[in-house]
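Visitor: Okay, here's what each chain looks like letter by letter:
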Amino acid sequence: MSDFLREYFLVLLFGLLAVGVVGSFIGLASLLRPDRPTPGKTLAYESGVDPVGEGWSQSQIRYYIYALLFVMFDVEAVFIFPWATRLEEYGYFGLVEMVIFIFILALGLVYAWRKGVLRWA
Amino acid sequence: MSTMVGTLFGAEFAYWQTSGFRLLMAFVAVLLPAGGTVYLYLFKMVSFMQSRLGPMEAGPYGTLQLVAELGKNVQKEDIIPAQADVFVFKAAPYVVLISTFLLVLVVPFGPDAVFADFDTGIFFALAVSSVSVIGILMAGWASASKYSLLGGLRAAGQLIAYELPLVLAVVGVVIQAGTLSVQGIVTSQAEGEIFGWGGVGNPFFLTQLVGFFIFMVAVQAELTQSPFDMPIAESELVAGYMTEYSGFRFLMFFIGEFATANIFAFLAASLFLGGWSLPPFVADALFADGNFSPWMNLVGPAVMGGKMLLLTFVIYWVRFTYPRFREDQLQSFAWKFLIPLALANIAVTGLLKVVF
Numbered sequence: 001m002s003d004f005l006r007e008y009f010l011v012l013l014f015g016l017l018a019v020g021v022v023g024s025f026i027g028l029a030s031l032l033r034p035d036r037p038t039p040g041k042t043l044a045y046e047s048g049v050d051p052v053g054e055g056w057s058q059s060q061i062r063y064y065i066y067a068l069l070f071v072m073f074d075v076e077a078v079f080i081f082p083w084a085t086r087l088e089e090y091g092y093f094g095l096v097e098m099v100i101f102i103f104i105l106a107l108g109l110v111y112a113w114r115k116g117v118l119r120w121a
Numbered sequence: 001m002s003t004m005v006g007t008l009f010g011a012e013f014a015y016w017q018t019s020g021f022r023l024l025m026a027f028v029a030v031l032l033p034a035g036g037t038v039y040l041y042l043f044k045m046v047s048f049m050q051s052r053l054g055p056m057e058a059g060p061y062g063t064l065q066l067v068a069e070l071g072k073n074v075q076k077e078d079i080i081p082a083q084a085d086v087f088v089f090k091a092a093p094y095v096v097l098i099s100t101f102l103l104v105l106v107v108p109f110g111p112d113a114v115f116a117d118f119d120t121g122i123f124f125a126l127a128v129s130s131v132s133v134i135g136i137l138m139a140g141w142a143s144a145s146k147y148s149l150l151g152g153l154r155a156a157g158q159l160i161a162y163e164l165p166l167v168l169a170v171v172g173v174v175i176q177a178g179t180l181s182v183q184g185i186v187t188s189q190a191e192g193e194i195f196g197w198g199g200v201g202n203p204f205f206l207t208q209l210v211g212f213f214i215f216m217v218a219v220q221a222e223l224t225q226s227p228f229d230m231p232i233a234e235s236e237l238v239a240g241y242m243t244e245y246s247g248f249r250f251l252m253f254f255i256g257e258f259a260t261a262n263i264f265a266f267l268a269a270s271l272f273l274g275g276w277s278l279p280p281f282v283a284d285a286l287f288a289d290g291n292f293s294p295w296m297n298l299v300g301p302a303v304m305g306g307k308m309l310l311l312t313f314v315i316y317w318v319r320f321t322y323p324r325f326r327e328d329q330l331q332s333f334a335w336k337f338l339i340p341l342a343l344a345n346i347a348v349t350g351l352l353k354v355v356f
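Residue numbers (the working numbering), protein chains in the order written: chain A, 1 to 121; chain B, 1 to 356.
A few of these clues could be false.
Calculated pairs, DSS-like style, for lysine-lysine (alpha carbon to alpha carbon, straight line, at most 25 angstroms) [to be verified]: (1) B:Lys76 <-> B:Lys90; (2) B:Lys72 <-> B:Lys44; (3) A:Lys41 <-> B:Lys90; (4) A:Lys41 <-> B:Lys76; (5) B:Lys72 <-> A:Lys41; (6) A:Lys115 <-> B:Lys336; (7) B:Lys72 <-> B:Lys90.
Have a look at the derived ranges for each label pair, beta carbon to beta carbon [what the hints assert, rightly or not]: (8) B:Phe13 <-> A:Leu12: 15 to 25 angstroms; (9) B:Ala347 <-> A:Asp35: 53 to 63 angstroms; (10) A:Gly40 <-> B:Asp119: 50 to 60 angstroms.
Please keep in mind that the hints were generated in silico from the structure rather than gathered at the bench.
Even glycine gets a Cβ: it sits at the ideal position worked out from N, Cα and C.
Given only the sequences and the hints, what does the whole structure look like? Please build it.
Guide: Structural data, given as structure tokens:
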């Protein structure tokens with residue numbers, strides 16, 4: 001394996017380490033803890049009263065348009081980072097280009113703001 | 001790339017040996033600071049702030065309280081709700097901890113004491129930090145409880161809102177350092193100069209004060225600490241997405257939360273406070289090569305520990321001082337204040353970088 005791939009192989013190893021740590025802790029606990037489930041214990045918790053309806057009840061998800069805005073800005077981040085590392089070489093040209101780019105994105109935010117998307121509706 | 005031990009003693013180690021050592025160190029770097037800060041700040045400091053003593057019985061000044069907590073939780077029955085989606089319910093703590101362990105991968109602790117020096121280090125860190133959202137959403141959904149579901153949804157909305165200020169605040173640092181590698185960012189601070197004077201290097205919190213502020217606020221929100229703790233708001237949602245968890249699975253979420261707090265403090269220290277480097281005038285007086293002496297591999301972790309304690313102190317101080325935001329205040333604070341501020345910060349930093 002190349003050094004480059006070896007470095008990224010550590011990502012897999014660290015992920016496995018996390019799984020190992022959690023698994024061994026919970027595994028250790030499973031050797032020591034009691035296990036006597038009763039119907040009362042396994043009811044969903046609703047402050048002491050019997051649960052009403054199903055747990056997966058319908059509710060209004062308020063911020064899903066925010067998620068769309070988030071995608072817009074997150075993609076922006078992908079473009080901004082390479083620019084940020086090489087700004088010294090691009091000089092004023094790169095700066096003006098990026099200010100225009102950020103301005104157009106900010107315009108999107110202003111539009112959403114004016115449309116009232118950023119309000120608790 | 002040689003490891004810390006390899007450089008110090010001039011020995012060569014096989015890949016599996018260095019990797020094994022790294023995994024061991026990662027275990028220490030995640031769990032030791034978590035335990036330390038939980039005792040020091042969560043048990044003791046908050047008690048003193050509230051005019052009480054905190055744990056005093058287990059060990060001198062309650063130092064063994066954490067051991068007692070572990071002993072208590074290891075004996076607790078593991079209750080899984082009858083309605084729950086069992087596989088997802090059990091998988092959720094793993095996903096949260098995977099995010100924590102991957103985050104520590106890019107934190108450098110010395111000139112050679114690094115787990116992995118990715119060229120895209122900080123970008124990688126920002127990407128894996130949002131993996132924990134999936135774990136939290138899994139926990140909230142799989143519990144099949146109304147409190148959990150609401151808590152999970154709140155967490156998702158909050159974490160994506162504050163992901164953006166976090167990412168955009170880092171861009172200012174990247175512009176100044178000219179690299180995405182966390183090690184490169186630390187090095188450029190250690191070698192930096194303020195108007196031609198390199199006595200204290202150029203820690204970026206001096207020039208990126210706005211970015212530092214945005215980063216710390218966003219970290220507070222990403223960690224769902226007060227005043228951003230709506231996902232686990234105990235007076236409204238019992239314990240949010242953790243309501244149905246008990247025993248060790250419950251504890252895993254807590255370990256994940258506090259360990260991630262420390263690792264974000266490590267990252268903030270690397271980005272803004274000069275990371276493992278000492279102020280150059282101190283380092284030059286101590287070692288022949290200044291900050292790049294092999295001995296910094298041993299001093300660096302201690303320096304990082306000190307800076308981490310300072311930043312986690314601020315995190316917990318804010319946590320126990322401010323009341324909870326309202327849900328819409330939380331969103332408008334991110335979208336109407338932090339994001340425009342972060343964008344302006346990028347533009348100004350870029351301008352100053354080009355002009356000077």
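Visitor: Give a verdict on every hint.
Guide: Now for the hints, and whether the structure bears them out:
Note on Lys76 of chain B and Lys90 of chain B: the hinted pairing holds, with a Cα-Cα distance of about 16 angstroms set against a maximum of 25 angstroms. Taking the CA atoms of Lys72 of chain B and Lys44 of chain B, the gap is about 20 angstroms. The hint holds against a cut of 25 angstroms. The hinted pair formed by Lys41 of chain A and Lys90 of chain B meets the criterion: a straight-line CA distance of about 17 angstroms does not exceed 25 angstroms. Restraint check for Lys41 of chain A and Lys76 of chain B: satisfied, since their Cα atoms lie roughly 13 angstroms apart, inside the 25 angstroms limit.
Distance check on the hinted pair: Lys72 of chain B and Lys41 of chain A sit about 19 angstroms apart at the alpha-carbon level, within 25 angstroms; holds. About 14 angstroms separates the Cα atoms of Lys115 of chain A and Lys336 of chain B, which keeps this hinted pair within 25 angstroms; it holds. Between Lys72 of chain B and Lys90 of chain B the alpha-carbon distance is near 20 angstroms, which keeps this suggested pair within the 25 angstroms criterion. Take Phe13 of chain B and Leu12 of chain A: their Cβ atoms lie about 20 angstroms apart, and the range 15 to 25 angstroms holds.
Remark: the range hint 53 to 63 angstroms for Ala347 of chain B to Asp35 of chain A is upheld by a beta-carbon distance near 59 angstroms. A beta carbon spacing of about 56 angstroms between Gly40 of chain A and Asp119 of chain B agrees with the range 50 to 60 angstroms that was offered as a hint.
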